[in-house]
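4 protein chains.
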Amino acid sequence: MRAAVVGGSGFTGGELCRLVDGHPDFELVQATSREYENKTVGHAHPNLRHLDLRFSDPADLESVDVLFAATPHGVSMQHIDAFQDAADTVVDLSADFRLPEASAYDEYYDGHDRPELLADAEYALPELNRDNLPGATLIAAGGCNATASILGLLPLFEADILSGDERVVIDVKVGSSEGGASGGKAASHAERSGVVRPYAPTGHRHEAEISEYLGIDVSFTVHAVDMIRGASATCHVFPDSPVSKGDLWGAYRGSYEDEPFVRLASGGGGVYRYPEPKAVAGSNFAEVGFELDAANKRLVVFSAIDNMMKGSAGQAVHAANIAYGLDETAGLEHTGLHPVGAP
Amino acid sequence: MRAAVVGGSGFTGGELCRLVDGHPDFELVQATSREYENKTVGHAHPNLRHLDLRFSDPADLESVDVLFAATPHGVSMQHIDAFQDAADTVVDLSADFRLPEASAYDEYYDGHDRPELLADAEYALPELNRDNLPGATLIAAGGCNATASILGLLPLFEADILSGDERVVIDVKVGSSEGGASGGKAASHAERSGVVRPYAPTGHRHEAEISEYLGIDVSFTVHAVDMIRGASATCHVFPDSPVSKGDLWGAYRGSYEDEPFVRLASGGGGVYRYPEPKAVAGSNFAEVGFELDAANKRLVVFSAIDNMMKGSAGQAVHAANIAYGLDETAGLEHTGLHPVGAP
Amino acid sequence: MRAAVVGGSGFTGGELCRLVDGHPDFELVQATSREYENKTVGHAHPNLRHLDLRFSDPADLESVDVLFAATPHGVSMQHIDAFQDAADTVVDLSADFRLPEASAYDEYYDGHDRPELLADAEYALPELNRDNLPGATLIAAGGCNATASILGLLPLFEADILSGDERVVIDVKVGSSEGGASGGKAASHAERSGVVRPYAPTGHRHEAEISEYLGIDVSFTVHAVDMIRGASATCHVFPDSPVSKGDLWGAYRGSYEDEPFVRLASGGGGVYRYPEPKAVAGSNFAEVGFELDAANKRLVVFSAIDNMMKGSAGQAVHAANIAYGLDETAGLEHTGLHPVGAP
Amino acid sequence: MRAAVVGGSGFTGGELCRLVDGHPDFELVQATSREYENKTVGHAHPNLRHLDLRFSDPADLESVDVLFAATPHGVSMQHIDAFQDAADTVVDLSADFRLPEASAYDEYYDGHDRPELLADAEYALPELNRDNLPGATLIAAGGCNATASILGLLPLFEADILSGDERVVIDVKVGSSEGGASGGKAASHAERSGVVRPYAPTGHRHEAEISEYLGIDVSFTVHAVDMIRGASATCHVFPDSPVSKGDLWGAYRGSYEDEPFVRLASGGGGVYRYPEPKAVAGSNFAEVGFELDAANKRLVVFSAIDNMMKGSAGQAVHAANIAYGLDETAGLEHTGLHPVGAP
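Residue numbers (the working numbering), protein chains in the order written: chain A, -15 to 327; chain B, -15 to 327; chain C, -15 to 327; chain D, -15 to 327.
Derived by calculation from the structure, the hints in this document are not laboratory data. Treat each hint with caution, since some may be false.
It does not matter which identical chain is meant; a pair holds if it fits inside one copy or across any two.
Stated by the list, open to error - Heads up, simulated DSS-like pairs for lysine-lysine below, C-alpha to C-alpha not over 30 Å straight-line: (1) Lys169 - Lys229; (2) Lys281 - Lys23; (3) Lys23 - Lys229; (4) Lys169 - Lys281; (5) Lys169 - Lys23.
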């Protein structure tokens, strides 16, 4: 199948180029970039220097089966007609089609230009709503921090340990790739290295996704830490009724034992005892684990993903695989590395 | 005044050697280390290569005015008689004399050998209990994560915004120096770089200090992140009554405006808008700030320190300065650097 | 084909497990580890937590087609008979069979127990001696720093720009994974982060490989820098006769244009203008580039690899592919990531 | 004495503000910044948040004793009259007055506007030319990479081990602070972390300083590595005559034993055996060491500094101290930290 990547010179776009190029069923026929038009893909993404493909103007879209849009929030809603003219299936990685209600865009974003399309879009977090994806033609890949949070909490809802009225604090740590490729003073190496920087103390946009898809209000705070890829969500949960370790293992195994991209990691031996972004970096895996704090009637849930993969490009390809009835793991087999850096 | 550092080859011991050597009123007459006996201080601490002092056996303590003990938990309680024979004032940086009740040592540590001395010790977090320190002869410097947490929450108690019955979640991020100089697989650069690693999901020992000195139960979780020095505590607080930004500024200014080592940082401009370990690295400053999340009736408090300074060696010297009636900032004037690394 | 990894819990062993598990023609039937016997492979290598395989005792080798030995220097020479009894083809990743002369082992290592086997072994740096590998039964994969250096300089010899009498200074920068998984004080995160540390100022063992396979004496110095994977060799070369940029492009294209794992990068645009370990991290690619310093009659050659891949495990699999007549890139298709960390 | 910092919002300017503020004999009366006019110094430099000083317009210079100019290359030569009108002594940290010959500016920079002033300026690398500094009114602080290189090689000239005709390769590794505070894509954390990036393969401007002040042509290459502060110069030297370790110790001790800011580190024990930027980070120390490679008739010299201190702001204050006959170490007593990050 023919595939195109719109917004190919950004970090997420580069990851999509890599995944589509290595996919057994997709052929990368176009990658667009205004800034790097006519330059090779490798100019922006050195890991792809061996690719024989040049960026083209996004105004000249090729006809393809699937178009992946890796553009900033607000762009896809403007160009959605062109995208849908060019492709049978559009997988959008921005927030533009993630929420079903236009009012949420008024509250968390700058409104929405095409609210009538929101009902047509399928949110893609396959562990949550896989059944809606086969045959979908407009897919909105879930956001990175929302994905990490939802994957951590979902089994608690599926097993009725949480009902939606409880208090949940989500303390997220993210890497610098979430800030994108455009640079800036705060993103400079000298300022950004080694930080624990509160960058979204309150009111983060991903609250809207979590609230929408789990049906619970969350207290959400995001910190920038010194890694490049990775999002780690620590969810401090206070269930109304006591819960045992056995209940928790039952819940998490029940939700995830057949999932190809979720691994449980809860207090085993070795250096990596709980979920860590390093353990999944470069892969489409999510890791989820938990611990009980009986003294405080608290449950601590850890969830870790690579924000560029399970949190965006990998999730998008996963969704496209399901939409077309392909093997879910096609093109997503890379397992990550050990040891690995920042990651 | 003559000063000695017991346990001088560890990270905290090295920081004490540096501070005492640069202190206008103290003379560093002895630094002990079994492992490095007869080697220069610079052998263990390259920043002190210019110092003309060799480590000596801790069994041969010199007579001094003040002895700083930077030994692992459990050591000071065994050797406290020798320490007190050698010195008029003992400043212990371990947990051995921080808690007033022996029962807390049974719960959080491996019990206590000399419970009769606990009542004689003064806990040293000067912003909390400065008045108890002048003339003290046994001082227990507060722990790093407890210090960061207490400094963040203290004004809320002093201004009666919190009473002690509220729910508080403290999500702490720490650097690798907290693990000490001894190395090990999990501490190796290849495994430890770039992590967000839950290392104390529940039951961390510093809960005991926070609970003891603030009178509140806290839900406490610690993550290792990629920095070397630094502890950052994010406190998610749910007050019973609504609180305004003005209330908060009043509370924090009221508690800290005359404090020489506390800076407020709450949403100003520039790259460093909230407290960050990088902004205080190498200094004895703590930074404290806050943000309101009205939607969730939540208050988020950020607190950042250098765990080697305000969280241990700097706090110890600060306490000794007060104990002896010296200028509180003597020997602690270094302001930290910008830009700076990990930090 | 059945494959085993001996020494599977080390960093290189883990990389081999990953590569063999993902290889279309190999089946990973055994991974040995004394330290982690009966534990899962994921216990040591968190990226492989999904693998259903436990480490076994190296004394109980399974019968396989190919055995990869990722043991410390000196181990393979002791166990080579057992390895060859168990496998048709042994690919050794240590230095034990890299050099043809026993005297070199006396000079650079601790001698050799089985010098009679040295003549049977094929050194595996496919770009140098691909023709010797088909059908080989004892293969010695080239060392990481030697591989980077040889790949940088080889075209200069193949194009007769260097004859072997010239002065060559090689200044190498390496990551912490070269030190292995065993930890230790100097390898601890607190000591190892952010370093530029001369760790082999003179007399590095890889001098022997470079000298043996290029026929030139080199002045070789290695620095540890803050990355985990990666080796970067900067070769300062002083040719006897003037050389032009055109000569150099001719030489490097001539040597490498058909090589599947070598990319040229010499002063193009973008952020990554010359070879960098980050651009190849996680992949089996090497990048090579150069610049002329006419004022000093100097040629500067840059060469970058991932020491865990092109510098060890990837090179070993590449060699096995050639030995068995498989597609050279089988199992080695991962292209690396962008952006990526330490790397 | 009254002091001003022109260009106070850059990295070097911030370091000057810190040093002048903490100096026993200087009073910081002005810091200028166009970009941050009327904002506090702490807005740009979070380590100085406690300072009660706001940036002012560089067009309104106060009358001071000493003016430190931390402006980009080319600015000081334009404003030198204004600087000299405002201050008795101008210490310029740019390259504008480092070289005595205007022709060198034509070759390595964009020419020079005020060549008639070059003869009035004193180059400030105190270990090289301390005697010229007392009473100097226009001082040009040496460049970071040149300082590291010259300090490494100077004893070899002073002891007649080098004459100036030998071959010298200098391979320098630098941190991200050398790139300044302005950011940009290549400087972004995601792209810059974990690099070994050749950024000045040939023709670096500091060649001119080294050549001018040591009288030798050098082959000079600079790599960016993952640290923030720090410059490490590895000098590969090929003396014409054999040299012994004793000769070298004699040379280096002879040159540096009375220097307050130079420490020798050559193969001692512990983790930090040779000069490392980490060991001097935050301090004005330089570390110098060496090793002999008899097999290649090579001498390897290592030199490490903090580029923000001994490589710029610290060197400038040191020079001002000498110019005014103050204690050379006044305001420069901070010894650096252990352990420390990037550094």
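message: As a check of your reading, is Lys281 near Lys23 (CA-CA no more than 30 Å) within one copy, between copies, both or neither?
response: So Lys281 and Lys23 fail the 30 Å test inside a copy (57 Å) and across (33 Å) alike.
message: At most 30 Å between alpha carbons: which applies to Lys169 and Lys281, within, between, both or neither?
response: neither (43 Å within a copy, 33 Å between copies)
message: As a check of your reading, is Lys169 near Lys229 (CA-CA no more than 30 Å) within one copy, between copies, both or neither?
response: between (46 Å within a copy, 28 Å between copies)
Alpha-carbon proximity context of Lys23 and Lys229, limit 30 Å: Close across copies (23 Å), not inside one copy (55 Å); limit 30 Å.
query: When no copy is named, should Lys169 and Lys23 be tagged within, between, both, or neither for a Cα gap of at most 30 Å?
result: both (26 Å within a copy, 17 Å between copies)
The structure is inconsistent with the numbered hints 2, 4, although it conforms to all the rest.
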